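Novice: Sequence:
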Amino acid sequence: MYKVALGAVLLLFIHMWVKEVLREEENNEKRKEGLLSIISTDGELQKQIDIIRKYRHDIPKHIHMMEEAIDRDIMEKRFCDNELLNAVAKIKEAECQQKNISIKIDFKLEKDAVEKINLSAIKVSGLVQNLLDNAIEENCRITDLKEREIKWTILQEDFGVKMQIENRCSDIDKIDFETKKTEKELHGWGVKIIKEIVDEAQGTIQYIKEQNNRLKVIVFLPFQ
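Residue 28 in our numbering sits at position 4 of the sequence shown, with consecutive numbering throughout.
Keep in mind that the hints were calculated from the coordinates and are not lab data.
Remember, it's a predicted structure, so these values are computed and weren't measured experimentally.
It cannot be assumed that every hint is accurate.
Okay, derived cross-link-like pairs now, DSS-like style, lysine-lysine, Cα gap no bigger than 27 Å in a straight line [stated by the list, open to error]:
#	residue 1	residue 2
1	175	186
2	186	128
3	240	198
FRET-style restraints, in silico, Cβ to Cβ [what the hints assert, rightly or not]:
#	residue 1	residue 2	range
4	105	126	30 to 36 Å
5	165	247	34 to 40 Å
6	119	195	21 to 27 Å
7	236	105	31 to 37 Å
8	171	134	33 to 39 Å
9	216	142	31 to 37 Å
10	248	122	35 to 41 Å
11	144	118	22 to 28 Å
12	118	199	22 to 28 Å
13	234	136	29 to 35 Å
14	235	123	22 to 28 Å
15	118	194	20 to 26 Å
16	183	105	16 to 22 Å
Just so it is clear, CB atoms sit at the ideal spot from N, CA and C, and this is done for glycine as well.
Put together the whole structure using the sequences plus the hints.
Specialist: Quick look at the structure:
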């Protein structure tokens, strides 16, 4: 009975997520259709093109997230009561295990804390996944598997949510906060998406280079 109930909750969560992804896709199509009508303004045209490219960058993450949520029993292990963060945490933990990365996850927040932030669920997911993907990408460059490590904490504070991701790097001096993906068209979009999502929430983000090839990223997202 318990697993049936959990399964129902998971299906409802995925259904809501799919609706939001489809809504974003519909908006994306409208943007593309409107490009010809705004071609007279180069700045506005470039802005619309950028929106479409960034959407293209993130949509595979959301689809992968939903596929993994269906394939895995993500409800078994609980990092917190928020289903979105719990799903992301479970999936990223499994990815880190597969890539020989030690990951420590510590969440201390109420179930509805994320809903108080001025961001949609899909944008919260995009923010978290891009931050973690950057940390995983850097760890995968470390040849000594024992040195691979990520610490991910989320704490609820009086006026918002504080997220911190600390990870090892192969060479901290070479970190420029841009992705090293081979596809040039998507180069750097992950970092841009992170900044724009944080800005939309009227939050703040800090990148702190520390000793021993450690990088700390601190994000604060205020409540509405």
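Novice: Against this structure, judge whether each hint is valid.
Specialist: Hints and how they fare:
1. 175 <-> 186: Since the Cα atoms of residue 175 and residue 186 sit roughly 14 Å apart, the hinted pair holds (cutoff 27 Å).
2. 186 <-> 128: 16 Å, holds
3. 240 <-> 198: At roughly 15 Å apart (the allowed maximum being 27 Å), residue 198 and residue 240 satisfy the hint.
4. 105 <-> 126: 30 to 36 Å: 25 Å, violated
5. 165 <-> 247: 34 to 40 Å: 37 Å, holds
6. 119 <-> 195: 21 to 27 Å: About 23 Å separates the Cβ atoms of residue 119 and residue 195, which means 21 to 27 Å holds.
7. 236 <-> 105: 31 to 37 Å: Since residue 236 and residue 105 have Cβ atoms about 35 Å apart, the given range 31 to 37 Å holds.
8. 171 <-> 134: 33 to 39 Å: 35 Å Cβ-Cβ, so the 33 to 39 Å window holds.
9. 216 <-> 142: 31 to 37 Å: Because 19 Å falls outside the window, the suggested range is violated.
10. 248 <-> 122: 35 to 41 Å: 37 Å, holds
11. 144 <-> 118: 22 to 28 Å: Hint holds: Cβ distance 25 Å, inside 22 to 28 Å.
12. 118 <-> 199: 22 to 28 Å: 26 Å, holds
13. 234 <-> 136: 29 to 35 Å: Holds: the Cβ-Cβ distance is about 33 Å, inside 29 to 35 Å.
14. 235 <-> 123: 22 to 28 Å: For residue 235 and residue 123 the Cβ distance comes to about 24 Å; the hint holds.
15. 118 <-> 194: 20 to 26 Å: 23 Å Cβ-Cβ, so the 20 to 26 Å window holds.
16. 183 <-> 105: 16 to 22 Å: With a Cβ separation near 20 Å, residue 183 and residue 105 satisfy 16 to 22 Å, so the hint holds.
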